[in-house]
Every structure is written in structure tokens, then in C-alpha cells.
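Asker: So the chains spell out like this:
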Amino acid sequence: MMSCYLLDTLERLHSHLARVYQIVQPLEDVGQSAPPLVSPKGYFFAEQENLFVFDGECFRETLPQPPPFVLFGVQSCDLTAIAYQDQFFARDPYYQARRQQALLVGIDCVTPCEHGFCASVDAGPGVKAGCADLILHARPEGGWMLMVCSDKGGEAIRGMELDQMDDTELRARDRRIDDCIAAFPDDSHLHRGIAAISQGRVPDQQWQQLGIQCLGCSGCTTLCPTCSCYGTRDLSEDQGDIRRQRFWDSCLYESFQREASQHNPSEEAGERVRRFWTHKFGDNFAKTFGRYGCVGCGRCEQTCPGVIGVHSVMRRIADYAPDDDV
Amino acid sequence: MPRTMMSESAELLSLTPSVAELLDFVDDGEATRRYRFRLRDPNAMATPLPGQFFMLSVPGAGEAPFTFTTVPDREGIFCGLVRRVGSVTSALFECRAGDLVGVRGPFGRGWPMEQLAGQRVLIVAGGCGLAPLACLIDQLIAQRPYRELALVYGARQRSLQMLDDSRQRWAQQVPLFDTLDTATEAELGGALLGTPLELMDDILLRLGWVPDKVLLCGPEVMMNTLACFFVERGHSPRSIWLSIERRMHCAVGLCGHCYLTQHDLSHHYVCRDGPTYRWDSLQPVHVALPE
Amino acid sequence: MVSQTTTTICPFCGVGCGLNLHTEDDRLISVTPQLDHPVSRGQLCSKGWSSAYGVDLRGRILHPLIRTPRGFRQASWDEALTTIGEALQQVLNEDGPMAVGIISSARATNEDNYAAQKLARAVLKTNNIDHCARICHSPTVAGLKQTLGSGAMTNSAADIFETDLIVVFGADPTENHAILGGHIMRAHLAGTKLIVVDPRRTRLAKLADMHLQLKPGSNIALINALIKTILDNHWQDSEYIEARCEGLVPLAAAVANAYDGVERTTGIDLETIREMARAYSKASRAMIFYGMGITQYVSGTNNVIALSNLALVCGQIGRPGTGINPLRGQNNVQGACDMGCLPNVYPGYQAVADLAARDKFSHAWKTALPEQPGLTSLGMSKAALDGSFRALILFGEDPVITDPDQNQERLALSKLDLLVVAELTMTDTARMADVVLPAASFAEKSGTFTNCERRVQHVRQALPPPGEARGDWQWLAAIARQLGSDQLDWSDSEAVFREMAALTPSYSAMSYPHIDEHCGLQWPCSAETPDGTAVLHSNSFPIGRARLIPVHPTEIDESADAEYPLLLTTNRLHFHYGCGSMTRKSPLLEREIPPGLLFINPADARDLGILHRAPVGVRSRRGYLETCAMVSEDLPPGLVSMPYHFREAPSNQLTNNAQDPVTKMPELKACAVAVEPLPPGRVPRSMDQLNAEQGGIER
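Chains as they are written, first to last, in this note's numbering: chain A, 1 to 326; chain B, 1 to 291; chain C, 1 to 699.
Honestly, the hints are just simulated from the structure, not real lab data. The structure displayed is predicted, hence computed values, not measured ones. Heads up, the beta-carbon is just placed ideally off N, CA and C, and yes, glycines get one too. Please note that the accuracy of each hint is not assured.
[Unchecked claim] According to the in silico footprint, chain B covers these stretches of chain A (three or more CB under 8 Å from chain B): (1) 80 to 93; (2) 232 to 240; (3) 249 to 261; (4) 278 to 287; (5) 292 to 300; (6) 314 to 323.
[Stated by the list, open to error] Here are the in silico distance ranges between beta carbons for each label pair: (7) Leu235(A) - Trp77(C): 43 to 49 Å; (8) Arg12(A) - Trp77(C): 37 to 43 Å; (9) Ala44(B) - Gly143(A): 54 to 60 Å.
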């Protein structure tokens with residue numbers, strides 16, 4: 001059972017944490033309903049990261065050394081994505097070097113956002129205890145509930161004099177989250193679409209049609225909080241050293257799988273679009289990670305110039321779902 | 001249900017290569033060379049199995065996967081066959097003896113050596129696909145665990161054939177059929193004219209035995225059509241193995257480039273789950289397979 | 001860990017998307033779209049997403065460079081400016097102002113462009129000022145100026161969602177103006193009818209309700225047949241014509257025989273023509289978008305006039321969701337034109353030939369201004385070849401790659417006494433310069449860009465210029481000072497803008513704060529329309545009544561024949577921009593270069609024995625190059641296509657420089673070529689290799 005405290009102002013928590021942590025606040029306004037345009041994945045899986053340096057004699061690993069930092073006010077969709085990435089990058093030394101330094105302070109959403117559907121994919125709107133160190137919840141009557149859900153979180157607020165709150169408050173929180181879930185618009189296209197994808201019922205022809213609309217802009221994969229593909233390149237430094245850099249890549253680029261011989265297993269745009277959505281909603285991926293890769297943030301819907309973001313695609317393929325699976 | 005936030009105690013990977021020295025190279029067919037490298041630290045790498053691969057870094061140009069044609073010996077010396085096709089291989093071709101490169105590995109799953117004991121084994125390679133099989137063939141011929149072994153090597157034309165000396169050596173021990181897609185009478189020599197698929201019935205007739213296990217490595221179209229050929233003739237999909245090539249940047253299942261395109265298998269990364277696959281494991285799960 | 005965010009405008013195409021630049025310790029770490037931007041609405045194309053790579057310090061020119069017999073050497077600004085000043089002065093003394101000129105940049109800000117034309121006119125005393133609009137939309141300016149009185153997009157991007165029919169004519173917006181192309185897809189999916197007229201099966205053509213795959217160069221034949229159909233069936237908007245147009249009778253007479261041979265000329269059957277005519281004329285709101293498929297012909301200006309006739313006859317100009325809308329290639333090609341970086345007009349299209357306009361600028365700048373009309377960019381090249389044009393200042397363009405008939409262009413530049421090039425990186429043109437100046441990128445300066453819907457937007461500095469790089473108007477001012485003039489001595493970009501706005505009627509009510517307040521302002525923005533204008537010509541045309549001007553089909557200059565049996569057209573790819581000097585710095589976009597660059601129909605490929613991705617040689621009467629073939633159904637038989645971005649295989653080795661008589665626009669969209677397979681396995685030789693082997697022109 002997590003302990004729960006009454007916090008009068010966010011500033012108080014802010015200044016307490018700032019003694020140990022650098023504060024990073026991805027949201028303009030903690031408490032806004034829309035997630036930030038950019039997901040916080042870059043704080044752990046950096047957009048460009050140096051892997052090692054070759055000085056002419058040997059290869060030297062260049063691990064990042066960030067100071068301890070707190071991501072202050074992260075919504076449930078993004079926290080679910082971080083938990084997903086924690087599994088995917090469990091053995092990645094660069095990711096872990098950043099991740100170990102981070103304290104996650106979640107914020108419950110209590111109103112649906114424009115494109116979001118976290119509730120439909122078990123990723124919100126309330127922050128799940130296993131996904132954050134501390135959780136904030138705005139009380140309608142003023143002030144904040146502060147929930148502690150890890151030792152690290154407990155350690156972080158040690159020394160703050162806070163009043164403990166009882167179960168009634170926690171139940172009220174649950175009610176407000178339930179109300180929020182009920183307020184989301186109809187999501188049957190999502191459930192039907194997921195069934196169609198995970199059962200492989202969407203015909204190639206449909207994927208090809210959607211593929212025509214994919215401009216390969218990389219917007220979806222850049223903003224998707226669980227996309228993790230990367231490319232590498234070698235860069236020459238002024239002093240003659242060579243550094244290997246990895247950078248965010250996108251599986252929707254035509255050249256993503258193209259080999260030096262020019263052979264390309266996924267030459268057709270439709271193939272690549274299918275793979276992207278299978279990665280987000282395929283049962284085999286869900287078996288590996290304990291959940292779907294999509295956390296319902298809706299960013300792809302907003303940013304896709306080709307009108308094949310998540311809602312658009314799901315509406316187009318929903319009819320391929322088996323009839324009994326509504 | 002809450003999950004653990006971090007997988008604790010998981011051993012971290014390294015994406016940083018070990019230093020190796022380019023010892024020398026010999027030309028081996030058109031735009032193809034056999035390179036010898038020596039690891040600076042002979043213990044830097046676990047002993048690879050035939051069919052596993054390593055990542056070779058040419059500093060400044062990048063990194064790409066290659067197969068061992070011989071695995072590192074006690075001094076850390078090993079060989080790889082390289083055809084010049086892209087930027088990394090072009091940069092390697094500019095390197096000279098003594099230059100330093102980076103090596104990571106071994107990666108992936110190798111050929112199923114243990115399943116070949118007492119079996120009639122047919123190995124079919126196409127083009128560059130002979131390289132990932134060379135080490136296996138050498139080991140098989142040295143250890144002779146099989147009941148029968150025969151090799152088929154297809155190339156588009158005479159100038160694109162590779163590993164001439166190895167093939168000559170093998171041909172003295174086991175039946176070996178070279179095939180050429182196109183060739184003049186003079187170029188043909190002892191080779192057969194046609195693709196391995198076109199010639200397979202003829203080859204099987206000449207062999208006089210039916211293989212229990214078939215190992216394939218070459219262009220994907222060649223492997224797929226040959227696998228179907230054998231399945232159609234009643235061979236179990238579980239008796240056919242192939243090795244798949246993909247673009248790779250990490251070799252440890254992170255960068256995402258080497259996924260399989262089949263819908264049911266797109267969570268497979270060839271670097272980690274392959275590159276060798278049994279044919280049935282590449283089939284859509286909802287299709288019933290003949291035993 | 002903590003980054004700063006600067007809101008600015010994408011430096012690539014004319015759509016003008018909103019960008020956020022995220023910087024950390026004076027380093028650009030990432031780029032994101034602006035969620036609330038009026039045009040891009042939280043979206044970017046692959047170029048926009050990759051723009052951080054484009055201004056990366058790798059490969060950037062950081063110091064002035066001066067040519068020596070052994071190559072370039074680093075120099076101080078003082079030395080570079082002295083060299084430039086002396087050389088300019090010498091040419092001016094010997095041959096007068098017609099021997100010097102400036103080619104400014106549609107990539108640079110309005111402030112930079114204003115400064116460039118002022119340097120030319122007020123300091124160098126020449127009207128020899130031009131920029132690359134010459135090779136994209138000069139026929140638009142010339143054509144629409146005659147018919148409507150204003151050569152810009154009549155409507156706005158937002159109108160895409162307020163129309164019933166969209167006609168995309170000779171344009172490939174999903175590749176070249178991706179965000180607008182996306183808007184068109186979105187509108188079409190929501191029910192707006194879409195007609196695409198293009199020889200190539202473009203992405204939009206694959207989705208459209210109708211695709212008219214016309215033969216290259218047959219635009220006027222098709223449009224005249226459409227107009228004839230409309231008039232024959234009385235589908236025109238007679239009330240609109242009566243009230244707002246003139247010249248219907250001669251137009252009707254001119255199109256009377258438009259059906260003769262039209263099916264053969266265009267490759268489109270009459271039934272389809274009839275269907276399109278009906279759809280366009282009957283739509284209550286129909287919007288035309290067009291691009292280089294209209295302008296890059298010897299008949300470019302007439303093509304634009306023909307489209308204008310079509311729109312006017314149907315009354316499809318002057319209301320939301322209608323109009324005739326050129327898609328402009330560069331981020332600021334509209335602005336560079338507006339700023340008067342053209343040999344015949346001052347800022348705001350005030351004619352040099354008009355005495356009152358000349359007096360106005362002469363008075364404002366307190367100096368006498370040249371009367372003699374200036375040379376176009378191709379005119380300057382031609383004059384350089386005969387020795388009468390000797391000194392050129394050029395920035396932000398790479399004409400060696402992007403202009404037609406590359407070999408002539410190289411030769412012309414090599415004849416100059418002085419070539420000054422200001423650039424971010426060493427382009428092929430910069431390599432030919434006598435003095436190279438380090439320029440600041442869009443992320444390193446402030447100013448304004450004007451997008452294709454006439455929206456003037458604020459570009460903000462996110463980073464200091466690297467090394468000794470300077471913004472364009474700043475180094476232009478330094479050259480002016482070197483020549484003893486303080487004409488360009490402004491305190492900051494805002495001061496440049498204030499001076500310009502005071503002299504440019506359509507910008508007269510604009511200021512930086514006003515622009516910021518409105519997320520950009522669309523011109524005309526004057527006392528009458530202080531918040532800008534979304535739809536032009538709602539009540540009247542600048543010339544009073546719009547003119548219907550008869551135009552007749554002109555054949556393309558060079559048709560396919562026995563020796564050169566295929567027609568080559570050019571196209572652009574979503575992933576690359578211009579000469580690729582910025583986009584190719586992205587490892588992702590660089591990788592996206594297709595394995596083959598010559599797109600060819602499977603039937604032609606079969607006839608020629610060319611396999612997918614196989615090496616080929618391509619020859620025209622002007623040049624030869626080698627590349628690989630991409631066999632594609634998107635091209636009709638008889639037509640091949642090449643993107644022009646790549647220096648290894650530059651399509652402008654082959655293209656024709658036959659020109660539109662009005663604007664000197666070269667016919668980049670059609671020339672005859674012969675394609676031959678190279679031996680299998682052969683690696684195509686790059687242009688550099690071919691030049692080296694054949695002793696090409698090197699300086």
C-alpha cells in the first residue's frame with residue numbers, strides 16, 4: 001500500500017527536490033490535460049548519443065554522466081512508455097546510465113486530451129504505481145495528493161513535513177480517474193483495429209493503400225514514446241579521433257532495411273506501415289513486453305501529415321476485425 | 001498490475017568493439033577478398049559457432065556484419081570473406097596490413113551442428129552465401145559426423161564465384177556441384193549451366209541419395225524457392241535450415257533494423273534470433289505444416 | 001540537460017511550417033513542429049524533422065576564404081572585403097555598372113534580399129539583380145501579373161479545407177510541399193474531390209478521383225479544350241465574367257478549334273476532358289494548385305495565362321476555397337520576389353521603368369538610381385561568356401547544380417573576374433569562387449520569410465553564427481561600406497524591415513510585433529487591411545478587370561526523335577531539397593537516396609534491356625551522365641524522369657536551356673535523351689569522375 005500525503009503547493013516539492021535533483025518539467029503547466037508535444041523518451045534514449053571514441057589505438061566507451069534529475073509531472077501514457085523502454089533497454093548501458101539518475105514524478109490526468117486514448121490501452125489516465133517514484137494528483141478542493149510508490153521516491157521527500165492522508169482520499173482519486181475514463185470518446189474503432197492487426201486480418205492491399213499516404217517523414221516514430229530504432233554513423237573529430245554516434249531512426253524510411261547490395265526486404269511502403277502498427281499492436285510483441293507498444297498518447301495522429309496516425313488507421317481497418325470482437 | 005520499474009541485475013551490454021589488426025588479405029573472386037585479422041586480446045571473444053557472425057568496424061566508415069570463414073585460433077587470428085558492396089566494405093578495401101579495426105561478437109545462432117550427426121546433408125549456397133557456410137563445411141569435413149554430405153554452389157557468372165581453393169579442397173572429399181546462371185562453353189568448365197533450383201532434380205539424381213537435412217544460404221528468393229522445392233517433394237520443413245541476411249547496426253536486438261517482414265514474425269530480430277532459422281519457424285503460424 | 005526553445009520557421013520549401021529549435025549550450029539538439037502554427041499545425045516533413053542536421057557545424061565554412069593557385073586559403077574579413085572592394089571598383093571603373101551584378105537567394109530572409117537589391121541599385125548602380133525564381137516561378141509572376149495584376153497565390157493553405165474540388169496541375173505537393181500535400185490528402189479523405197493533371201503517376205494521382213496523365217508540354221492544348229468544353233456547354237460563370245473580366249470574345253474565338261488533334265497532343269480522350277471541365281466549372285468552390293509542371297516550359301508564361309483563363313471563365317477566383325495557387329519552391333522565393341530581387345522591379349513590384357517609382361526609391365535612398373533594365377541570372381551568365389559581365393556576388397544558391405545546361409554555367413562562372421559566393425558549405429558553385437564568405441544559417445539569424453500563401457513570418461535566432469560567419473545583410477552592408485557607402489548600415493534586422501515596409505505598399509502595415517501577434521501576416525497588409533489578406537481579389541483586381549488572354553499551344557523545344565528517343569522530365573524527392581547541400585548532411589535523408597535515379601517505365605526498360613537498379617548511361621545533346629535505373633509504373637512509356645538534387649548524377653547535365661521568351665525560364669521539364677544499359681555490375685561513374693576522365697571544365 002503506498003503512502004499518501006497532502007501537499008499544499010507544487011513549489012514546495014519542487015524546491016525540496018531541487019536540493020538533490022536537477023528539475024526537468026516536460027509540461028508547460030503541470031495539470032494540463034494534453035501531453036507535451038515531445039515525449040520524455042529522449043532523456044534516457046538520447047536523440048543523438050556518442051557510443052565510443054577511437055583514438056587511433058583503442059576504442060573507449062563514452063557513457064553519459066548526467067547529474068541526478070527529476071522528471072517532474074509526467075503523465076501516465078509517457079510513464080507507461082518509460083516502463084516499456086526500461087524493459088527494452090534493460091541491458092543498454094547508455095540508457096541505463098541516464099535512467100539510474102532519474103526520479104520520476106507522475107501526474108494523474110483527470111480530463112481526456114484531444115487525441116489520447118490511454119484508457120483503451122491500459123496506460124492511464126491515472127498513473128500506475130509501478131511506473132513512477134512519486135505521483136501527484138490535483139485535489140478539486142485545492143492542494144495536491146502526493147503518493148509515494150518507491151523507496152527512491154520515499155527517500156526523495158524525506159525531511160518534508162507532510163500530513164498523511166487516509167483511504168478516503170485514495171478512493172476519491174480512483175473515482176475521479178474512473179470519471180475521466182468514462183469521459184473518453186467512443187473507442188470501438190481502436191479495439192476492432194487492434195483485433196484486426198493482432199490477428200493478421202488486414203489484407204496486404206489495405207496496407208498498400210495506407211502506404212501510399214506515408215510520406216516517410218519520421219514524425220510518428222520521432223514522437224512515439226516507445227519507438228526505439230536507431231542508426232549509427234562515424235564522425236571525425238578535429239583532433240583525428242573518430243566517434244561513433246547513434247541517432248534516432250525510423251522504420252518507415254524506405255532505406256531502413258535496404259542492404260549495401262540494394263536488396264530491400266521492406267521496399268514497399270505498405271510493408272513498412274504494417275510493420276509499424278504490428279510493432280505497436282501485435283500479440284507477439286505484447287507477449288514479450290507484457291503489454292502493447294502503444295500507450296495511447298495520440299501524438300502520431302496529431303503529427304502525421306499523411307493522415308495515417310493511430311485513429312485514422314484504426315478507423316480504416318476496424319472493419320477487418322472478426323464480428324464477435326467488438 | 002504494477003511491473004518492476006527496472007530489470008535489475010541484468011548484465012549490461014557493450015556496443016564498443018575490441019581492437020583487431022588487419023594482418024593480410026587475398027583476392028578471392030571479383031571485388032571479393034579474404035581478410036585475416038588478429039584480436040589484440042585473444043580472449044576478447046568467445047569461440048564462435050559456424051554460422052555466427054561478427055560486427056566489423058572500420059573507424060570512420062562504420063560497422064557491418066560479416067561471417068567467420070575461420071573462427072579465432074589461440075592467437076586470436078580469424079578470417080572473414082568480404083565483397084565490396086557498400087561504404088564499410090569500400091573503406092576496408094582501402095585499409096592496409098597493420099591497420100586497426102574494431103570487432104564485436106560472436107552474435108546470433110549458428111548452424112545446428114548437433115542435428116547433422118548421422119544424417120545425409122545437402123548444403124546449397126548461392127553467391128556470397130557460401131561465406132557463412134565455409135566454416136561449417138570445414139568443420140564437417142574435418143569431423144565427419146554426417147552419413148553423407150554434398151555441396152551445391154550457384155553463382156550468376158564465373159567471375160562472381162568465390163572461395164575457389166576451399167571448393168577445390170572440399171571437392172576432393174565430398175560431391176560438389178558448381179552451377180552458373182550464365183556462362184560460355186569455355187567458362188563453364190565442370191560447372192552446370194542453370195540455377196540451383198533448375199538443376200536440383202538433376203543433382204539429386206546424380207547424388208543417388210535423398211537428403212535428410214538441407215542447409216541453404218544465399219539470396220532470399222533462392223532460399224525460399226529451394227525450401228519450397230524440398231517441401232513439395234515431401235521433406236519436412238523441420239529438416240531445412242537457412243541463414244538470412246539483414247542490415248544491422250547493433251547485433252544485439254536494439255537498433256531495430258533487422259526485423260523479419262513476415263507479419264507473425266516481425267518481432268524477430270535476425271541478429272539475435274537468427275541469422276539461421278529452421279524453415280518451419282519462418283512460416284505463418286496459422287498455416288498447418290505437413291509433417 | 002535543460003534546453004532552450006526558439007520558435008522559428010522551417011528553412012526548406014515555400015509552405016513555411018512552424019519549427020521549434022531546441023538548443024543546449026549553443027548547440028542545436030533537436031527540432032520539433034509548432035503545435036499551434038496556422039499552416040503546419042504540429043506537422044513537419046522529413047526535411048523539416050532533419051533540419052538540425054542541415055545546420056550542423058560539420059562541413060560549415062567558418063572563415064572567409066580566398067582563392068590562390070593552390071586552392072583556398074583562410075583570410076580575415078578585412079582582407080576578404082578589401083579584395084572584393086578593389087575588384088568590384090576596378091570592374092566598375094573599366095566597364096561600368098552593367099558589368100557587375102548580384103544573385104540573391106530565395107533561401108535568405110526578406111531583410112537579406114532587400115539589402116541585396118539595395119546594394120545593387122543604390123551602391124553598385126545596376127539593376128543586375130536576380131535570384132532563382134527565374135527557374136521556378138518567373139512565369140507565374142509574368143503571367144498572373146498580366147491577367148490578374150498580382151503574381152502570387154490568390155488563396156491560403158487553410159482554404160484547402162474549405163473547397164469542394166482541388167485540381168493539382170503539374171505539381172507534386174506531397175513530395176515538394178509535403179505539409180500542403182498532406183492537407184490535400186486530408187481534405188480528399190474527408191470528401192473533397194481531387195483531380196490531378198500530371199504526366200507522372202504521383203502519390204496524389206494514385207489517390208485522386210481523376211488522373212489526367214497528359215503528355216509533357218501539352219498543358220495549353222488541354223486547358224484550351226477544357227475552356228472550349230465549358231463555353232460550348234454554357235458552363236461558364238457569365239455573371240462573373242460580365243462583372244469582372246474582359247476579353248471573352250477573343251478567348252472564345254481562340255479556343256474554338258481546341259478539339260482538333262487534342263486527344264493525340266495530350267494523350268487524354270475527349271470524354272475525360274469533358275468530365276473534368278464539368279467538375280471544375282460546376283463545383284461551387286474549386287481550387288487550382290500548380291507547380292513546375294506549368295512553369296518550366298518554353299511556354300511557361302502562356303501556361304500560367306491559360307490556367308488563369310480557365311479559373312476566370314468559371315469565376316473561381318476571389319472567394320475562399322477557390323483561386324489559382326502557385327506552389328513556390330523555396331522558403332522565401334515569394335519574399336525574394338516581393339523584395340524586388342528581380343531586374344525589372346523594386347520592392348513591392350514597383351517597376352524600374354516607371355519614373356514615379358524610380359523617383360520614390362531615389363528619394364528614399366537619397367541617391368540617383370540606374371534606369372537601364374538589368375540582366376536576368378541567365379542573362380548574366382550569357383554576358384559573362386562574351387566578357388561584358390565580369391563580377392558577380394552570389395549567395396545561398398548553387399546554380400552549377402540547379403541551373404540548366406551545367407557545362408555552360410560552369411564555363412560562364414569561370415570567365416568572371418570576380419565571383420563572390422557566401423555559403424554555409426562548400427557547394428559546387430562555391431568551389432569556383434574567388435572569395436568565399438561564411439554565411440549564417442536560418443537558425444543563426446533573425447528576419448522574416450514570406451511563404452507561398454504570402455504569409456510573412458518571423459525567423460528567430462537560436463544560435464550564434466559559428467566561427468566568423470555573418471548574416472547576409474550584415475556582410476552585404478560590409479561590402480557597401482568597403483565601397484564607401486553607408487546605405488546598408490542598419491542597427492538590426494528590424495530596422496531593415498521598417499525601411500522596407502515603408503517603401504513597399506503591400507507590407508506597409510507590418511512590423512515585427514504585429515507579425516508575432518498574428519503568427520504571421522499575409523500581404524497585402526496596409527492601412528485598408530491592417531491584419532493582412534487571406535484571399536486576394538475578392539472585390540476587384542489590382543488592374544481593375546481581369547484579362548482573358550488567348551494563348552495557343554506551343555510544342556516543346558526538343559521532342560524525342562530517332563537519335564534521342566525518350567523524353568526526360570525532372571522531379572523532386574520528398575527527402576531532398578535543391579542541391580542537397582543541407583538535406584544531404586542528414587545521415588537519414590542521405591541514406592534515402594534511391595538506389596537508382598532514373599525513373600523509367602517497365603516497357604521502356606524491357607525494350608532497352610535495363611533491369612531494376614541496373615547501371616545506365618543517359619545522353620542528351622548537351623551532356624552525358626551515369627546512374628542507376630528505377631523501373632517504375634509511375635512513368636508512362638516514352639517518358640523518363642530524374643531528380644535534380646544529386647551532384648553525382650546531375651540532371652542538369654542533360655536539360656535544355658531553350659527559354660520562355662517572356663521570362664527566360666528554361667524548359668527544364670522536357671528534353672530528349674537516349675538511355676543505354678551499362679555492363680552489369682559496373683558502378684556508375686559520378687560527374688566528377690566523368691569530368692576528370694574527359695577533361696571537363698575546371699578552373
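Asker: Compare the structure with each hint and give your call.
Answerer: How the hints compare with the structure:
no.	hint	result
1	80 to 93	holds (count 9)
2	232 to 240	holds (count 4)
3	249 to 261	holds (count 8)
4	278 to 287	holds (count 5)
5	292 to 300	violated (count 0)
6	314 to 323	violated (count 0)
7	Leu235(A) - Trp77(C): 43 to 49 Å	29 Å, violated
8	Arg12(A) - Trp77(C): 37 to 43 Å	54 Å, violated
9	Ala44(B) - Gly143(A): 54 to 60 Å	58 Å, holds
Violation of the numbered hints given earlier is confined to hints 5, 6, 7 and 8; the remaining hints are satisfied by the structure.
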